[in-house]
Amino acid sequence: MVDTLDMTGRKEPVEQALAGGRSLWDDARRRLFNNKAAVFSMWVLGILIFLAVFGPMLWVHDYSKISADTELAPTMQDWHWLGTDEQGRDLVARNLLGLRISMAVGLVATIVSLIIGVTWGAIAGYVGGRVDNLMMRFVDVLYAMPFIFFVILLLTVFGRNIILIFAAIGAVEWLTMSRIVRGQTLAIKGKEFIEAARAAGVPGSAIIRRHILPNVVGPVAVYVTLTIPVVIMAESFLSFLGLGVNEPLTSLGVLISNGAKEMQDKPWLLMAPAVLMAVTLLCLNFIGDGLRDALDPKER
Amino acid sequence: MSALQRSLSRIPWAYVTRRLLFAIPTLLVIIAVAFFMMRMAPGGPFDGERKLNAATEAAIKAKFGLDQALWKQFLDYLLGVLQGDFGPSMKTLGKSVNDLIADGLPVSLAIGSLAMLVALVVGTALGVFAGLRQNTAGDYTVMGIAMAGISIPTFVTGPILILVFALGAGLFAVGGLGEYPNIGMNPYNMTLPVLTLALPQIAIISRLMRASIIETMRSPHVRTARAKGLAERNVIMKHVLPSAVLPLVSYAGPAMARVMTGSLVIERIFGLPGMGSYFVDGAINRDYTLVMGALIIYATLIVLFNLVADILYALLDPKVKYD
Chain A
1 MVDTLDMTGR KEPVEQALAG GRSLWDDARR RLFNNKAAVF SMWVLGILIF
51 LAVFGPMLWV HDYSKISADT ELAPTMQDWH WLGTDEQGRD LVARNLLGLR
101 ISMAVGLVAT IVSLIIGVTW GAIAGYVGGR VDNLMMRFVD VLYAMPFIFF
151 VILLLTVFGR NIILIFAAIG AVEWLTMSRI VRGQTLAIKG KEFIEAARAA
201 GVPGSAIIRR HILPNVVGPV AVYVTLTIPV VIMAESFLSF LGLGVNEPLT
251 SLGVLISNGA KEMQDKPWLL MAPAVLMAVT LLCLNFIGDG LRDALDPKER
Chain B
1 MSALQRSLSR IPWAYVTRRL LFAIPTLLVI IAVAFFMMRM APGGPFDGER
51 KLNAATEAAI KAKFGLDQAL WKQFLDYLLG VLQGDFGPSM KTLGKSVNDL
101 IADGLPVSLA IGSLAMLVAL VVGTALGVFA GLRQNTAGDY TVMGIAMAGI
151 SIPTFVTGPI LILVFALGAG LFAVGGLGEY PNIGMNPYNM TLPVLTLALP
201 QIAIISRLMR ASIIETMRSP HVRTARAKGL AERNVIMKHV LPSAVLPLVS
251 YAGPAMARVM TGSLVIERIF GLPGMGSYFV DGAINRDYTL VMGALIIYAT
301 LIVLFNLVAD ILYALLDPKV KYD
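Chains A and B, in that order, give the protein sequences. Everything in the first sequence is counted per this note's numbering, starting at 1 for the first residue and increasing by one. Everything in the second sequence is counted per this note's numbering, starting at 1 for the first residue and increasing by one.
Everything labelled a hint here was simulated from the structure, so no lab data went into it. Among the hints, erroneous ones may be present.
As the list claims (entries may be wrong) - Below, computed lysine to any residue pairings styled on SDA-like, alpha-carbon distance capped at 20 Å:
| # | chain 1 | residue 1 | chain 2 | residue 2 |
| --- | --- | --- | --- | --- |
| 1 | B | K238 | B | P254 |
| 2 | A | K261 | B | I160 |
| 3 | A | K261 | B | D139 |
| 4 | A | K36 | B | V174 |
| 5 | A | K266 | B | G168 |
| 6 | A | K36 | B | G168 |
| 7 | A | K266 | B | A62 |
| 8 | A | K36 | B | G170 |
| 9 | B | K91 | B | L109 |
| 10 | B | K95 | B | S277 |
| 11 | A | K261 | A | R292 |
| 12 | A | K261 | B | T124 |
| 13 | A | K36 | B | S277 |
| 14 | B | K228 | B | R218 |
| 15 | B | K91 | B | N234 |
| 16 | A | K36 | B | L163 |
| 17 | B | K238 | B | T124 |
| 18 | A | K261 | B | G170 |
| 19 | A | K189 | A | A122 |
| 20 | A | K65 | A | K36 |
| 21 | A | K36 | B | K95 |
For clarity, every value in this text was computed on a predicted model and none was experimentally measured.
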């Protein structure tokens, strides 16, 4: 086997390079897995996702079960590792549930914004002309709105409601997504390599599939990864103001808010959800950053 | 031509006028949506624990104009706002919304602008430091801290800072503005809220600045400056920094908006009597006029900051053209 240096200075077997060629995604994957912070974050996030999905089911205590042992301090006895709250509910169970709700809000709201944003942006960019102008002006107008204030109004006016939180946050976050997708579609449409592909006789559907989509998917994937932590933070922001999910459900924001009130005497009430949230957000941000660097290595 | 005249002549007046004209319908829509949303809500400002008798209720409603047709209420309100009158507060008896805003706005503006100032200075310095040492230990340290700053929400950092510096070390106030003998907006009361609000912005600005420095260092004009034999110090001071700060200017508008929303939480953590507390409490208590007043002030400020940021950008970057 003959080794040679490729342009990035890494050793690559010639055979492998000749055999398949390396696609954009192979390159990106290799760069991503070389990023230690991103890989480590993926492992940690994997564990956190497992805890969020299965934790509340597997843990010995139920998150909503009220008991007579109220306001216990953390103890090894009877599995109350983080103690209990003022209604005697186990706090490990409540933290696991909070993690689950926060992650669910992050995911669902991001998917809402993804669907609206990609559709809106792709149509505007693809159709172009007056339609594009009108659609993007609409986005401009919405951008100027102080949305978080409207969300607060909505929640106080129509009552706290987890569906409303999903929808409200998702509906705010799609604006940037649509701009990214539109800009990307427009830019790719006029590129030389598209022209070259067309000149070489590649059919339109293949051009879209092989040249336009991969270039749109990259920035969208990065933005999605970085939107989830923003949404999780927005939800806890609302929870902190007392506008979060309803009892007996809870979220990390609610737990942090309750914990902050008693942090002097019972610091673990604040620290447990705070650490869970910080670690989750750190992981997501590191993965998002790693993904961006992998797909667009210019900045490295 | 003086320097001032030269800069003034660079302001794209047509663009500014169009943006200002555009801002008016935006604000009108915000006012209308908020107005009708509040009124459609179940429960009004005078639904107390005890049911009022019919006559009293009618009298109170008449006093605040709530007995009129909805469109008439809206027009009256709009007319008042145009004259700078936000009406009486529906919950804080004997005070007008103007009074409350006059109390709260200075506090919020002080926290917000101080936080922004701190974030700009510290964030830029850290970003330049990291950008000039790309992929070294110093760079990784700064970027690691910045990542933490972005990932840890203010309602976590706030309480922790209170725990350490106020309750623990006793250096600053735990909250509020009124603890004898330290009444008012002084460093003892303001340091922690300003710092908490500034932290995420420091993180964002330093990341922006680092990326911008790295990109500028590779641009042709910097290569030219090096090629003509300038000392590295001069290359950085005269050629890299001036063009690297541009993305920062366009972030200034969104940053101010973020700082303002952030201050909703900061005011709650530190128990500060600012606009944010009025807005949230007003929304929960259904104090229609107070919420509307606060919302209008916030929206106006956000629109205004975005406009100023765009004009600044136009002044600094000769390449930007406005049609």
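Taking the hints in turn, this is what the structure says about them:
no., hint, verdict
1, B:K238 / B:P254, "violated (27 Å)"
2, A:K261 / B:I160, "holds (12 Å)"
3, A:K261 / B:D139, "violated (37 Å)"
4, A:K36 / B:V174, "violated (40 Å)"
5, A:K266 / B:G168, "holds (14 Å)"
6, A:K36 / B:G168, "violated (37 Å)"
7, A:K266 / B:A62, "violated (50 Å)"
8, A:K36 / B:G170, "violated (40 Å)"
9, B:K91 / B:L109, "violated (24 Å)"
10, B:K95 / B:S277, "holds (16 Å)"
11, A:K261 / A:R292, "violated (38 Å)"
12, A:K261 / B:T124, "violated (34 Å)"
13, A:K36 / B:S277, "violated (43 Å)"
14, B:K228 / B:R218, "holds (16 Å)"
15, B:K91 / B:N234, "violated (61 Å)"
16, A:K36 / B:L163, "violated (34 Å)"
17, B:K238 / B:T124, "holds (16 Å)"
18, A:K261 / B:G170, "holds (18 Å)"
19, A:K189 / A:A122, "holds (11 Å)"
20, A:K65 / A:K36, "violated (41 Å)"
21, A:K36 / B:K95, "violated (59 Å)"
Hints 1, 3, 4, 6, 7, 8, 9, 11, 12, 13, 15, 16, 20, 21 from the earlier list are contradicted by this structure; the remaining hints agree with it.
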